[in-house]
Amino acid sequence: MKPKGPSASEHAGTVPFPIRLLWGTTPQQREKAKAIGANWVVVQSFGHRRNDFPFFFAPDRRIAALRRRESATEVRLERALLREGIAHAHRLGLKAMVHSYEVSLPDEFRRLYPELYQPAVREYSELLPGGAGTPVALPF
Amino acid sequence: MREHRSPCLSDPRVREILSQKIAETLRAAGEDCPDAYAFTFNECLSGTRVSHRCERCREIPFPQMIKWLADAVRDGIRSVSPRLLFFHRTWGLNENDDAGWKNIVRRLEFSEGRGEPWLAAHARIFAPPTMHDVASRDLPAYVRMQKGEAMGFITKGTWGDISIDHPLNPYIPLLAAAHPTLVELSWENTVSHPRAFHVLALQFQRMRRLRATRALPDWPGFPVPGAIRVIIRDGGRTRGQGANGSAGWTNRNGGWR
Numbered sequence: 001m002k003p004k005g006p007s008a009s010e011h012a013g014t015v016p017f018p019i020r021l022l023w024g025t026t027p028q029q030r031e032k033a034k035a036i037g038a039n040w041v042v043v044q045s046f047g048h049r050r051n052d053f054p055f056f057f058a059p060d061r062r063i064a065a066l067r068r069r070e071s072a073t074e075v076r077l078e079r080a081l082l083r084e085g086i087a088h089a090h091r092l093g094l095k096a097m098v099h100s101y102e103v104s105l106p107d108e109f110r111r112l113y114p115e116l117y118q119p120a121v122r123e124y125s126e127l128l129p130g131g132a133g134t135p136v137a138l139p140f
Numbered sequence: 001m002r003e004h005r006s007p008c009l010s011d012p013r014v015r016e017i018l019s020q021k022i023a024e025t026l027r028a029a030g031e032d033c034p035d036a037y038a039f040t041f042n043e044c045l046s047g048t049r050v051s052h053r054c055e056r057c058r059e060i061p062f063p064q065m066i067k068w069l070a071d072a073v074r075d076g077i078r079s080v081s082p083r084l085l086f087f088h089r090t091w092g093l094n095e096n097d098d099a100g101w102k103n104i105v106r107r108l109e110f111s112e113g114r115g116e117p118w119l120a121a122h123a124r125i126f127a128p129p130t131m132h133d134v135a136s137r138d139l140p141a142y143v144r145m146q147k148g149e150a151m152g153f154i155t156k157g158t159w160g161d162i163s164i165d166h167p168l169n170p171y172i173p174l175l176a177a178a179h180p181t182l183v184e185l186s187w188e189n190t191v192s193h194p195r196a197f198h199v200l201a202l203q204f205q206r207m208r209r210l211r212a213t214r215a216l217p218d219w220p221g222f223p224v225p226g227a228i229r230v231i232i233r234d235g236g237r238t239r240g241q242g243a244n245g246s247a248g249w250t251n252r253n254g255g256w257r
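Just so you know, the sequences run in chain order C and U. Residue numbering for the first sequence is 1 to 140, as defined by our numbering. Residue numbering for the second sequence is 1 to 257, as defined by our numbering.
Worth flagging that the hints you see were computed from the coordinates, not collected in a lab. Heads up, some of the hints might be wrong.
Pairs of lysine to any residue residues, derived as SDA-like cross-links and limited to a Cα-Cα distance of at most 25 Å, are as follows [what the hints assert, rightly or not]:
(1) U/Lys67 x U/Ala177
(2) C/Lys95 x U/Asp75
(3) C/Lys95 x U/Leu84
(4) C/Lys95 x U/Val80
(5) U/Lys102 x U/Arg124
(6) U/Lys67 x C/Val121
(7) C/Lys34 x C/Leu92
Counterexamples of contact, computed for chain C against chain U with all Cβ distances above 10 Å [to be verified]:
(8) Pro27
(9) Arg61
(10) Arg62
(11) Ala65
(12) Arg68
(13) Glu70
(14) Glu74
(15) Leu92
Predicted model only: the values in this text are computed from it and were never measured. The C-beta atom is built at its ideal place from N, Cα and C for all residues, glycine as well.
Produce the complete structure using the sequences and hints provided.
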């Protein structure tokens, strides 16, 4: 079926797009973004791996201390990736976007502040063999 | 396996932590600050998804829960810089209505009750309309709650990840009518390059038919290796200065500041 109106190729280049974004979390992807005419890149994405956060969480001394003790390597790595990604994008003339999956918090919060973690609704939790808080495979 | 507990967005302390986390993330970038921050309410490490229901929030409408999260993210961004653009990527919220709870019900039906033990309990307990999220009900309501906010959306071109079988994401016009909206085309490693190119072309055609885009980018070099999450479009309108002094959104000729 023939699409109505001008074709994509007829439109291309005639109407400016303010954002042409490519997922560019590696230098190669960012350079490719530049090469194909993108003007934005997603330089980093957090919250998708076990501990991919670039912070110690300074507002809370207990969390920060624990993360400095146990997650310093990860934090330094993530900070370096973040800074290098932004700097590289800007050097290429690209705008830099940062992305996160929510609601993601480092495991230290679960250990130090379990009260922040709520069990599912009462009638569902009661069905679990050990009651609320029982380790189970999450169904949803 | 993990504990069947997760942070609840109805808890102001959780939201404050999220704001602080994002602020520190942006500060960690140093002097070379990023230009935009986007978040996705899905696939998180901590177990909280839009379907979350605990005793704290069981009576709270899902759009309010989504809005609370967006507010927390925005507050974190704004505490660092009012100039950063703020995006909500709607992956996880723009599914079809057969996903989520109804999907559990269907699994129960197809297994004739012989499925995993939790299926029946889940289907029954989360049956009340207030207990399970429905995209066609909750996403439009959430978008209405964001009216006037200086923000943009990123949304997939189709309901799911790249597939010819997926229909066009029907929420694109809804999002784009109210806010600058980027349409995302995922071209992940599940499809080889020639085929991925074909799928992308189909997605572009579908979007044009729905008038979701006014034009398509002319990108020489397609296909490129790796994952591509695209982009396109602002709404073509001029939006004023953000209410909180943020950069606001300019028209397409001015670009996004």
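The output says C/Glu74 does not contact chain U. Does that hold with a beta carbon cutoff of 10 Å?
Check passes; 12 Å lies beyond 10 Å.
Does the structure keep C/Lys34 and C/Leu92 at a Cα separation of 25 Å or less?
7 Å, holds
Verify that the Cβ of C/Leu92 lies farther than 10 Å from every Cβ atom of chain U, and report whether the claim holds or is violated.
13 Å, holds
Minimum Cβ distance from C/Ala65 to chain U greater than 10 Å, as the annotation requires
15 Å, holds
Using Cβ atoms and 10 Å as the threshold, tell me whether C/Pro27 really stays out of contact range of chain U.
Holds, because the least Cβ-Cβ distance between C/Pro27 and chain U comes to about 12 Å, which exceeds 10 Å.
Should the label of C/Glu70 as a non-interface residue stand, given a Cβ cut-off of 10 Å to chain U?
Label holds. Min Cβ-Cβ 16 Å, cutoff 10 Å.
Regarding the pair C/Lys95 and U/Val80, is the alpha-carbon distance no greater than 25 Å?
Holds, because 18 Å separates the two Cα atoms, which is no more than 25 Å.
Taken at face value, is the distance from the CA of U/Asp75 to the CA of C/Lys95 at most 25 Å?
Given pair C/Lys95, U/Asp75 holds - Cα atoms ~21 Å apart, limit 25 Å.
C/Lys95 paired with U/Leu84 [C-alpha distance capped at 25 Å]:
11 Å, holds
Going straight from one Cα to the other, do U/Lys67 and C/Val121 come out at no more than 25 Å?
Holds, at roughly 21 Å.
For C/Arg62, is the shortest CB-to-CB distance to chain U above 10 Å, so the non-interface label stands?
Fine: 13 Å to the nearest Cβ keeps C/Arg62 off the interface.
Against the 25 Å threshold, does the CA-CA distance of U/Lys102 and U/Arg124 hold or violate the hint?
Holds: U/Lys102 and U/Arg124 sit about 11 Å apart, inside 25 Å.
The structure is consistent with each of the numbered hints, conforming to all of them.
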